[in-house]
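Peer 1: Listed below are the residues making up each chain.
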Amino acid sequence: METSKLLNEKFSLEYVKGELVRTAYSTEVNLLTKLDPRVLLIWYSYFAIVPWFIHSHVVLIGYLLFMIFLTYKAKVSPLILVVLGLGLLTEMGIIFLISLLFGGNFETVLPMFWLSIKLGGISLASVAVFTSLNPEKFSDALLRMGFPSAFSFSVAYGYRILPTLLEEFQQIILSYRLRGQAPSKNGIFYWRKLAYYLIVFIRSFYPLILNTAKRSRTTVEALETKGFSYAAKDSEMIKLKTGYLKLTYIDYSFMMISVLYLIIVHALHFVL
Amino acid sequence: MSKPLIEIQNVTFQYPGSDVRVLNGANLIVEEGEFLAIIGGNGSGKSTICKLMNGLIPHFYVGEFEGEVISNGHITTTHDVATLSKSIGYVYQDFENQLLRPTVLDDASFVPLNYGLSDFKERGKWALQVTGLTHLANEFVWQLSGGQKHLLALAGAIAMRPKVLIVDEPVAQLDPQHAKRIYDVLRTLNEEYGMTIIVIEHHTEFIAEYCKSVALMDQGKVLWKKDVREALCSVEDLISRQIFPPQVTMAAHYLNRDTAYPITIEEAVAYFQLNLPAHTFLPESVKTENSAVLAVKNATVSYKTLQKQMKKALNNVSATFHKGDQIALVGNNGAGKSSLLKLLTGIVRPTEGSIELFGKTLKKISPEILSNDVAFVFQNAEEMFIDDSVRKEIEFYLKARKVENATALVDQILEDFDLTSLQHQDARLLSGGQQRRVSLAIGAAMRPSVVILDEPTANLDIATKNKVVLMLQRLKKHVDTIIVATHDMQLVAEWANRILVMHQGELIADDTSEVIFNQQEILNCAGLVPPQIVTLCHELNLPHCATIEVFLDCWRQVEQRGVLVGN
Numbered sequence: 362m363e364t365s366k367l368l369n370e371k372f373s374l375e376y377v378k379g380e381l382v383r384t385a386y387s388t389e390v391n392l393l394t395k396l397d398p399r400v401l402l403i404w405y406s407y408f409a410i411v412p413w414f415i416h417s418h419v420v421l422i423g424y425l426l427f428m429i430f431l432t433y434k435a436k437v438s439p440l441i442l443v444v445l446g447l448g449l450l451t452e453m454g455i456i457f458l459i460s461l462l463f464g465g466n467f468e469t470v471l472p473m474f475w476l477s478i479k480l481g482g483i484s485l486a487s488v489a490v491f492t493s494l495n496p497e498k499f500s501d502a503l504l505r506m507g508f509p510s511a512f513s514f515s516v517a518y519g520y521r522i523l524p525t526l527l528e529e530f531q532q533i534i535l536s537y538r539l540r541g542q543a544p545s546k547n548g549i550f551y552w553r554k555l556a557y558y559l560i561v562f563i564r565s566f567y568p569l570i571l572n573t574a575k576r577s578r579t580t581v582e583a584l585e586t587k588g589f590s591y592a593a594k595d596s597e598m599i600k601l602k603t604g605y606l607k608l609t610y611i612d613y614s615f616m617m618i619s620v621l622y623l624i625i626v627h628a629l630h631f632v633l
Numbered sequence: 267m268s269k270p271l272i273e274i275q276n277v278t279f280q281y282p283g284s285d286v287r288v289l290n291g292a293n294l295i296v297e298e299g300e301f302l303a304i305i306g307g308n309g310s311g312k313s314t315i316c317k318l319m320n321g322l323i324p325h326f327y328v329g330e331f332e333g334e335v336i337s338n339g340h341i342t343t344t345h346d347v348a349t350l351s352k353s354i355g356y357v358y359q360d361f362e363n364q365l366l367r368p369t370v371l372d373d374a375s376f377v378p379l380n381y382g383l384s385d386f387k388e389r390g391k392w393a394l395q396v397t398g399l400t401h402l403a404n405e406f407v408w409q410l411s412g413g414q415k416h417l418l419a420l421a422g423a424i425a426m427r428p429k430v431l432i433v434d435e436p437v438a439q440l441d442p443q444h445a446k447r448i449y450d451v452l453r454t455l456n457e458e459y460g461m462t463i464i465v466i467e468h469h470t471e472f473i474a475e476y477c478k479s480v481a482l483m484d485q486g487k488v489l490w491k492k493d494v495r496e497a498l499c500s501v502e503d504l505i506s507r508q509i510f511p512p513q514v515t516m517a518a519h520y521l522n523r524d525t526a527y528p529i530t531i532e533e534a535v536a537y538f539q540l541n542l543p544a545h546t547f548l549p550e551s552v553k554t555e556n557s558a559v560l561a562v563k564n565a566t567v568s569y570k571t572l573q574k575q576m577k578k579a580l581n582n583v584s585a586t587f588h589k590g591d592q593i594a595l596v597g598n599n600g601a602g603k604s605s606l607l608k609l610l611t612g613i614v615r616p617t618e619g620s621i622e623l624f625g626k627t628l629k630k631i632s633p634e635i636l637s638n639d640v641a642f643v644f645q646n647a648e649e650m651f652i653d654d655s656v657r658k659e660i661e662f663y664l665k666a667r668k669v670e671n672a673t674a675l676v677d678q679i680l681e682d683f684d685l686t687s688l689q690h691q692d693a694r695l696l697s698g699g700q701q702r703r704v705s706l707a708i709g710a711a712m713r714p715s716v717v718i719l720d721e722p723t724a725n726l727d728i729a730t731k732n733k734v735v736l737m738l739q740r741l742k743k744h745v746d747t748i749i750v751a752t753h754d755m756q757l758v759a760e761w762a763n764r765i766l767v768m769h770q771g772e773l774i775a776d777d778t779s780e781v782i783f784n785q786q787e788i789l790n791c792a793g794l795v796p797p798q799i800v801t802l803c804h805e806l807n808l809p810h811c812a813t814i815e816v817f818l819d820c821w822r823q824v825e826q827r828g829v830l831v832g833n
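These protein sequence lines map, in sequence, to chains A and B.
Positions in the first sequence are counted from 1; adding 361 to them yields the numbering used here.
Positions in the second sequence are counted from 1; adding 266 to them yields the numbering used here.
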């Protein structure tokens with residue numbers, strides 16, 4: 362009873378919302394937020410892609426340790442880490458169960474363990490980077506790196522509208538809760554309640570999408586009156602807007618340290 | 267002297283797919299430096315005529331367009347919206363949807379940036395300074411309150427220093443203090459920066475105080491454009507189109523003295539002056555103590571902010587709601603009204619304290635448990651629509667509980683709320699007033715003991731608002747207690763028999779409107795502005811009058827007595 366109450370308070374929708382928002386908007390300053398967003402994006406594209414082609418255990422562990430360190434430095438939300446951890450564990454469990462069906466045994470766990478290490482490293486890199494990139498800088502970096510302005514605008518707009526959508530989604534779920542009838546019995550493992558809330562959750566998307574569609578009319582009109590289509594033709598605007606993005610000594614040292622660390626890790630592979 | 271900035275000549279317009287002419291030979295001339303209010307009933311073409319000015323019509327809405335519009339020297343049919351918008355700022359009624367960037371300063375400087383001006387940041391900063399948002403420059407847009415968002419939409423529209431600023435219903439969603447602030451900003455822009463301001467407005471009290479001229483629209487035409495005083499004194503013209511002049515003007519009109527009516531409270535005090543001896547009337551307090559339905563006891567609600575600090579949304583609040591109570595919950599934005607409503611409906615749990623239902627303390631608090639006795643009608647009706655027709659919305663609750671005779675009950679409710687003819691339509695596609703009626707009907711269909719309404723009259727024009735007040739009377743036959751959170755002091759004065767005043771998470775007063783409107787400290791503290799007629803009575807040393815009718819009776823009596831005494 363007590364634990365369920367604690368869980369209830371810790372994992373209220375409000376808490377989840379708060380943590381997501383904190384992650385998405387990087388409201389706190391950390392080591393990575395001081396970097397130029399372009400550096401961060403390039404750095405990220407290396408650590409999101411290259412590990413897939415690496416099979417050396419030493420290097421993978423080296424990558425993972427680096428990511429753990431950065432995750433710690435980036436003050437990633439514990440909620441995200443728990444979800445990530447759960448995801449990796451269940452994935453491993455499910456694949457293991459399936460492999461048992463096909464005549465596998467405990468030895469099959471081992472390669473999966475290394476896959477999880479790889480995935481873990483990549484996921485942590487993603488979380489650390491996106492916790493530290495605020496929407497403004499993110500979209501400006503994309504713009505400066507030559508992505509179309511409509512694309513970078515959409516990214517920024519996504520960030521702008523996300524909390525509004527979350528809020529509205531919460532209200533619609535509430536409408537279902539206030540007018541619907543929750544099952545009076547919990548059932549084994551709360552399955553009745555869980556099923557009920559799952560259905561409410563899914564059904565809430567439908568009104569949300571309709572309301573959003575209706576609202577977007579003003580948004581599109583406003584874009585027009587704010588001269589957005591005018592700017593789309595203008596490359597001067599990009600220079601104006603992203604003029605503040607400048608590489609500093611922090612960026613260079615971060616790059617240097619990363620490269621140095623990579624050299625050491627890869628060298629260790631041959632030594633060990 | 268002044269030259270026409272906008273000329274609309276004989277414009278006829280029909281939205282695609284509609285067979286009604288929204289504009290039907292409309293003519294309007296706006297001079298430079300004007301502060302113009304456009305008034306008119308629903309569907310008279312107010313918003314449409316404003317969308318002519320920046321070319322949204324006919325470029326964005328491609329309907330059947332005839333006539334000519336010259337805006338700042340450009341003929342709108344030959345220039346695109348972006349070019350025309352350089353000199354015209356537009357603030358929408360649903361202003362939240364025009365905030366497009368994540369942070370405040372970025373949104374304010376978005377327009378000059380789009381036009382490639384190198385000083386875009388400075389322009390954005392200037393706009394924030396004029397609107398008083400400088401201290402929020404680096405905040406995220408979603409962290410702002412409703413009033414701040416409106417100011418930001420305004421800042422975004424003026425950053426180009428346009429010649430014309432169009433604002434669609436500036437105060438519809440704001441509390442009186444924020445509404446006044448918006449208008450003060452508009453006045454500054456008009457007087458100090460020479461901007462021409464055009465507002466679409468229902469609130470004639472604001473028109474009287476701030477605007478210089480008024481254009482009345484009816485059925486797609488501009489009937490007349492007059493100086494503000496002359497316009498508001500054309501009482502018959504206005505009332506026949508469901509527009510209500512300031513209360514003091516109406517009162518003077520009904521007394522039928524002459525045609526030069528007062529339009530502001532200061533003028534009214536001089537106009538109605540009776541030289542009565544100062545007399546203090548003892549206001550009546552709440553006295554009826556019927557059985558308690560719902561109560562909160564010493565409730566405190568705390569929450570964690572993004573910066574991980576604990577903040578108290580409610581601080582040690584106690585209140586008991588009785589059978590027959592018609593309660594208005596008032597106070598500024600952020601005073602804790604919503605938190606109290608959420609507490610009463612079980613959406614948030616008290617950090618300390620408890621909730622009692624019919625005298626029993628609730629052991630477990632959840633929306634599911636309380637929803638059997640307490641119905642909550644949201645401010646934004648759209649968020650209550652979870653099915654695809656009005657009828658299904660209303661019967662959702664009954665069906666979920668497999669109530670017998672649900673069909674008959676729903677039929678009855680549909681009739682009570684004038685929704686029978688709309689029952690098979692999707693509620694999202696109805697007009698604002700109709701949506702509000704549906705949301706009230708949903709509340710009534712839950713057959714609750716208590717119904718809680720969050721801002722039931724926000725965003726409605728006065729005629730529709732009066733209808734909602736009528737609906738509140740009908741709602742009374744379905745429930746024991748009604749609690750309304752509102753900024754609308756006219757609704758408070760005319761409808762409520764008990765007022766709770768909130769300020770900074772605390773309940774600072776709980777009494778009749780008569781008592782509360784007489785206590786200047788409370789009014790100042792909570793930022794309340796009583797209806798004109800109440801203030802007038804107070805100034806004239808007359809007894810409290812909640813409505814114009816009561817005032818008229820009272821005034822006639824006093825006048826007669828004065829004549830008899832030989833005054």
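The set of hints was computed from the structure by calculation and includes no laboratory data.
A hint or two may mislead.
[Unchecked claim] Cβ pair distances, simulated, as ranges:
| # | chain 1 | residue 1 | chain 2 | residue 2 | range |
| --- | --- | --- | --- | --- | --- |
| 1 | B | GLN443 | A | MET616 | 32 to 38 Å |
| 2 | A | SER596 | B | TRP490 | 47 to 53 Å |
| 3 | B | SER620 | A | VAL470 | 50 to 56 Å |
| 4 | B | GLN443 | A | ALA511 | 19 to 25 Å |
| 5 | B | ASP677 | A | LEU447 | 38 to 44 Å |
| 6 | B | THR454 | A | ILE611 | 41 to 47 Å |
[Said to hold, decoys possible] Derived lysine-lysine pairs resembling DSSO-like cross-links, with alpha carbons at most 27 Å apart:
| # | chain 1 | residue 1 | chain 2 | residue 2 |
| --- | --- | --- | --- | --- |
| 7 | B | LYS668 | A | LYS554 |
| 8 | B | LYS478 | B | LYS491 |
| 9 | A | LYS546 | B | LYS352 |
| 10 | B | LYS733 | A | LYS378 |
| 11 | B | LYS578 | A | LYS554 |
| 12 | B | LYS570 | A | LYS600 |
| 13 | B | LYS629 | B | LYS563 |
| 14 | A | LYS434 | A | LYS378 |
| 15 | A | LYS395 | B | LYS387 |
| 16 | B | LYS578 | A | LYS378 |
| 17 | B | LYS446 | B | LYS733 |
| 18 | A | LYS600 | B | LYS487 |
| 19 | A | LYS554 | B | LYS608 |
| 20 | A | LYS395 | B | LYS658 |
| 21 | A | LYS546 | B | LYS626 |
| 22 | A | LYS607 | B | LYS391 |
| 23 | B | LYS387 | A | LYS607 |
| 24 | B | LYS570 | A | LYS434 |
| 25 | A | LYS546 | B | LYS668 |
| 26 | A | LYS575 | B | LYS733 |
| 27 | B | LYS658 | A | LYS554 |
| 28 | B | LYS608 | A | LYS546 |
| 29 | B | LYS665 | A | LYS554 |
| 30 | B | LYS577 | A | LYS378 |
| 31 | A | LYS436 | B | LYS577 |
| 32 | A | LYS378 | B | LYS608 |
| 33 | B | LYS487 | B | LYS733 |
| 34 | A | LYS554 | B | LYS629 |
| 35 | B | LYS352 | A | LYS600 |
| 36 | B | LYS665 | A | LYS546 |
All residues carry an ideal CB built from backbone N, CA and C; glycine is no exception.
Peer 1: Next, verify each hint and record whether it holds.
Peer 2: Hints, one by one, checked against the model:
no.	hint	in the structure
1	B/GLN443 to A/MET616: 32 to 38 Å	52 Å, violated
2	A/SER596 to B/TRP490: 47 to 53 Å	50 Å, holds
3	B/SER620 to A/VAL470: 50 to 56 Å	52 Å, holds
4	B/GLN443 to A/ALA511: 19 to 25 Å	40 Å, violated
5	B/ASP677 to A/LEU447: 38 to 44 Å	50 Å, violated
6	B/THR454 to A/ILE611: 41 to 47 Å	43 Å, holds
7	B/LYS668 to A/LYS554	19 Å, holds
8	B/LYS478 to B/LYS491	11 Å, holds
9	A/LYS546 to B/LYS352	62 Å, violated
10	B/LYS733 to A/LYS378	38 Å, violated
11	B/LYS578 to A/LYS554	31 Å, violated
12	B/LYS570 to A/LYS600	40 Å, violated
13	B/LYS629 to B/LYS563	13 Å, holds
14	A/LYS434 to A/LYS378	22 Å, holds
15	A/LYS395 to B/LYS387	21 Å, holds
16	B/LYS578 to A/LYS378	19 Å, holds
17	B/LYS446 to B/LYS733	26 Å, holds
18	A/LYS600 to B/LYS487	47 Å, violated
19	A/LYS554 to B/LYS608	23 Å, holds
20	A/LYS395 to B/LYS658	54 Å, violated
21	A/LYS546 to B/LYS626	23 Å, holds
22	A/LYS607 to B/LYS391	22 Å, holds
23	B/LYS387 to A/LYS607	18 Å, holds
24	B/LYS570 to A/LYS434	23 Å, holds
25	A/LYS546 to B/LYS668	17 Å, holds
26	A/LYS575 to B/LYS733	25 Å, holds
27	B/LYS658 to A/LYS554	24 Å, holds
28	B/LYS608 to A/LYS546	25 Å, holds
29	B/LYS665 to A/LYS554	19 Å, holds
30	B/LYS577 to A/LYS378	17 Å, holds
31	A/LYS436 to B/LYS577	23 Å, holds
32	A/LYS378 to B/LYS608	18 Å, holds
33	B/LYS487 to B/LYS733	26 Å, holds
34	A/LYS554 to B/LYS629	20 Å, holds
35	B/LYS352 to A/LYS600	21 Å, holds
36	B/LYS665 to A/LYS546	19 Å, holds
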